[in-house]
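Here the protein sequences line up with chains F and X, keeping their order.
According to our numbering, the first sequence is numbered sequentially starting from 1.
According to our numbering, the second sequence is numbered sequentially starting from 1.
Quick caveat, the hints were computed from the structure, so don't treat them as lab data.
Every residue, glycine too, gets a C-beta built ideally from N, C-alpha and C.
Among the hints, erroneous ones may be present.
Below, computed lysine-lysine pairings styled on DSS-like, alpha-carbon distance capped at 30 angstroms [unchecked claim]:
id : chain 1 : residue 1 : chain 2 : residue 2
1  : X       : Lys367    : F       : Lys76
2  : X       : Lys184    : X       : Lys243
3  : X       : Lys289    : X       : Lys260
4  : X       : Lys303    : X       : Lys260
5  : X       : Lys368    : F       : Lys76
6  : X       : Lys184    : X       : Lys245
7  : X       : Lys245    : X       : Lys183
8  : X       : Lys303    : F       : Lys76
9  : X       : Lys153    : X       : Lys289
Covered by chain F, according to a simulated footprint, are these stretches of chain X (three or more residues, beta-carbon under 8 angstroms) [unchecked claim]:
id : region
10 : 341 to 354
11 : 357 to 366
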Amino acid sequence: MARRAEPPDGGWGWMVVLAAFFQSALVFGVLRSFGVFFVEFVAAFEEQAARVSWITSIGIAVQQFGSPVGSALSTKFGPRPVVMAGAILASLGMLLASFATSLTHLYLSIGLLSGCGWALTFTPTLACLSRYFSRRRSLAMGLALTGVGLSSFAFAPLFQWLLSHYGWRGALLLVSAFSLHLVACGALLRPLSLTEDSAMGGPGAQLAFLLCHGPFLRYTVALTLINTGYFIPYVHLVAHLQDLGWDPLPAAFLLSVTAISDLTGRVVSGWLGDAVPWPVARLLTLWTALTGVSLALFPVAQAPTALVTLAVAYGFTSGALTPVAFSVLPDLVGNGRIYCGLGLVQMVESIGGLLGAPLSGYLRDVTGNYTASFVVAGAFLLAGSGVLITLPHFCSSSTSKSQDLVIEALDTKIPLPKEGLGED
Amino acid sequence: MGGRAQFWVGLGCGESVSREQGRAAGPLLLRLFSRVASLELASGAGPPASMRRDSRHRHWFAEGPALVRTAADSPTTMRTFPCLRGPPARPPLPLVLLCFLAAARTSLADGHPPALTFTSLPAQEEMLAKYSNISLESHNISLTEHSDVPVEKNITLQRPSNIELTCQFTTSGDVHSVNVTWKKGDEQLENNYLINATGSILYTRYMFTIINSEQMGSYSCFFQEEKEQRGTFNFKVPELHGKNKPLITYVGDSTVLICKCEECFPLNWTWYSSNESVQVPLDVQMKDKYVISGKHANETRLKIMHLSEEDQGSYWCHAIFQLGESEDHVELVVLSYLVPLKPFLAIAAEVVLLVTIILLCEMYFQKKKHTDDGKEFEQIEQLKSDDSNGIENNASRHRKNESAGQ
């Protein structure tokens with residue numbers, strides 16, 4: 001396969017977008033819709049709801065902490081074998097879970113085994129996707145990440161139907177079968193060699209570079225802060241609405257509206273990120289600041305119209321920041337180091353995610369309502385956007401940062417490989 | 001309202017007597033042993049002293065003046081009769097008879113013959129003082145003459161209680177022309193209820209005690225004017241909530257069936273299984289198959305272990321109260337593992353097919369690209385060799401020309 005100087009920006013890249021779409025649907029869509037199983041588990045194992053919700057918490061934690069491992073393996077072997085192996089692991093975890101006789105069983109099979117499988121699939125796929133695109137990267141990311149939103153819509157009623165026909169054991173068996181499609185997604189990830197790859201070295205060298213790279217560290221800190229505040233409304237919005245006196249049905253409807261605006265935000269932001277000649281980091285700062293502001297305004301809004309407007313604004317801006325967040329990374333560290341970089345970022349930002357929900361719960365318990373937790377979430381997001389301003393090239397209007405990095409790498413390290421035909 | 005007086009009789013122990021002047025002093029039916037107090041009010045007067053005295057006993061009296069039903073103008077004298085507090089032993093009936101005969105005769109002798117028509121009270125042992133420590137439940141229904149639909153009130157009862165039902169009827173017409181009756185189901189109750197009228201509102205109150213399941217049911221008050229208006233009190237034992245959807249389990253699994261009711265304390269819970277219509281009690285002696293437990297009094301859990309396909313069907317839970325029984329059912333479905341396995345294998349086969357197609361396509365396109373590249377390579381080599389041949393030919397021609405030119 002010929003080494004390319006530039007990412008192809010199309011062609012097979014659109015198949016990779018498709019693969020990433022289904023993959024984010026099958027990983028995060030399943031995790032988000034897993035709540036329908038909780039009622040069944042509580043009844044079947046006679047456990048409390050709090051203990052049952054640890055299943056998805058462990059799964060998400062393992063997925064995020066294991067991201068560097070997936071990234072390192074993809075750097076060495078390419079994304080395809082790693083993702084296919086991870087897919088088989090994830091599906092196996094669900095299969096074993098259908099035979100569970102206790103809650104610990106489920107912690108180990110879904111939480112640990114499937115979590116490891118997801119760690120090996122999610123990050124390498126997104127990293128591979130960003131290697132295939134440069135000019136249309138944000139759009140490709142946005143389209144791929146809509147998989148999460150759409151699948152939450154589709155999977156919740158589907159899982160309910162499965163539960164009512166096959167019970168929870170049969171339903172887990174069939175979810176395992178659905179997860180096997182991750183193997184097909186992995187098969188679509190054709191390896192791509194870029195000219196800068198050989199200059200970047202193995203996983204160890206990349207790790208050393210990244211840990212000393214100032215902009216990368218600042219970016220990681222910013223994303224951690226963003227992650228701390230990002231998930232809070234998803235967890236607490238319904239409870240906050242009920243505190244204000246809303247009925248469950250209108251509250252659920254408002255959540256659906258938020259989800260739809262989240263979806264729209266992802267696609268629009270993806271398109272905007274490519275169409276506008278600004279550095280992507282500026283857009284990320286903009287969306288993050290807007291999300292922070294809309295969150296902080298939540299406690300102030302009392303009237304239903306104000307709440308609906310704020311919820312739509314929050315959904316749009318929070319969806320808008322996700323594809324852009326992933327697009328900034330290749331510009332910072334170069335496409336050759338994207339696997340390792342993304343893995344590290346995921347691992348560190350998971351700390352924010354793990355801290356965010358309990359912190360806001362604690363604030364709620366101490367103050368008695370959700371005002372403090374929403375304001376604190378907004379503050380975290382604004383702090384994250386503040387850190388982002390310190391990133392390099394923020395104030396300049398150059399967009400050829402990745403090329404600068406490639407030239408820099410090539411000049412200092414290995415001479416250019418000979419131009420050949422059909423070199424693999 | 002001059003000259004009108006209130007005639008009513010309040011009775012303790014659930015009795016009421018309506019007294020109407022103008023009715024002939026018919027024979028007095030006596031089957032009672034409780035206190036009777038009759039009083040007449042001058043118009044607008046408050047409750048008389050005797051009434052206030054009597055109110056220390058556990059009886060109620062309508063407050064306030066009301067319209068009398070008689071046409072009598074002259075006020076009648078007050079009469080109070082001592083009320084015998086539920087005697088520990090039944091008083092000898094002839095003595096009571098004598099008492100009242102004396103009272104009646106006195107009234108007649110006074111020249112004011114308001115006949116006391118005592119309606120009968122069933123002589124129930126339940127009216128004894130030993131039930132004075134059970135709770136009292138009061139319920140009201142309001143009706144107007146314009147009510148289109150009969151008004152119903154559902155009341156949940158688990159323990160024996162004293163019951164006090166009040167119906168009030170607002171009418172613009174004449175309160176006296178309204179006929180008031182009480183019925184239990186379809187059967188008319190005897191006139192041991194109270195009727196009172198204030199302004200344009202008519203009150204009627206019925207008091208009784210519920211001890212066992214025979215006294216549960218529907219009690220209705222009827223107001224007959226031109227149209228009949230009806231208010232119904234439905235007494236039921238608490239209902240159970242099982243699961244609406246069938247419970248799906250697999251062979252060899254174990255499951256828990258739960259029945260619960262809100263704020264209830266049944267005396268006992270029992271479980272039955274049924275296949276079509278016959279309910280068969282479960283063999284609770286099989287300790288390795290069925291375990292019945294319950295964390296709180298208002299729920300019961302049946303754990304069935306080592307499920308097999310014969311355990312499929314409906315399971316009924318019965319809650320037994322003092323005042324009746326209520327039941328609910330849960331469906332159990334037992335599937336074998338082959339049922340979800342077939343779709344699983346189908347989907348797995350489809351995934352294998354997809355992956356094979358993708359990888360084969362890629363290999364095919366790579367080979368094609370290689371052969372294309374190979375052809376290109378050959379062509380370029382050909383051109384190179386042609387070029388070099390061409391140059392050599394030119395050189396040889398040059399030499400030829402040169403040699404030829406010399």
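Do the hints match the structure? See the list:
no.: 1; hint: X:Lys367 <-> F:Lys76; in the structure: holds, 25 angstroms
no.: 2; hint: X:Lys184 <-> X:Lys243; in the structure: violated, 34 angstroms
no.: 3; hint: X:Lys289 <-> X:Lys260; in the structure: holds, 22 angstroms
no.: 4; hint: X:Lys303 <-> X:Lys260; in the structure: holds, 15 angstroms
no.: 5; hint: X:Lys368 <-> F:Lys76; in the structure: holds, 28 angstroms
no.: 6; hint: X:Lys184 <-> X:Lys245; in the structure: violated, 37 angstroms
no.: 7; hint: X:Lys245 <-> X:Lys183; in the structure: violated, 39 angstroms
no.: 8; hint: X:Lys303 <-> F:Lys76; in the structure: violated, 53 angstroms
no.: 9; hint: X:Lys153 <-> X:Lys289; in the structure: violated, 43 angstroms
no.: 10; hint: 341 to 354; in the structure: holds (count 7)
no.: 11; hint: 357 to 366; in the structure: holds (count 3)
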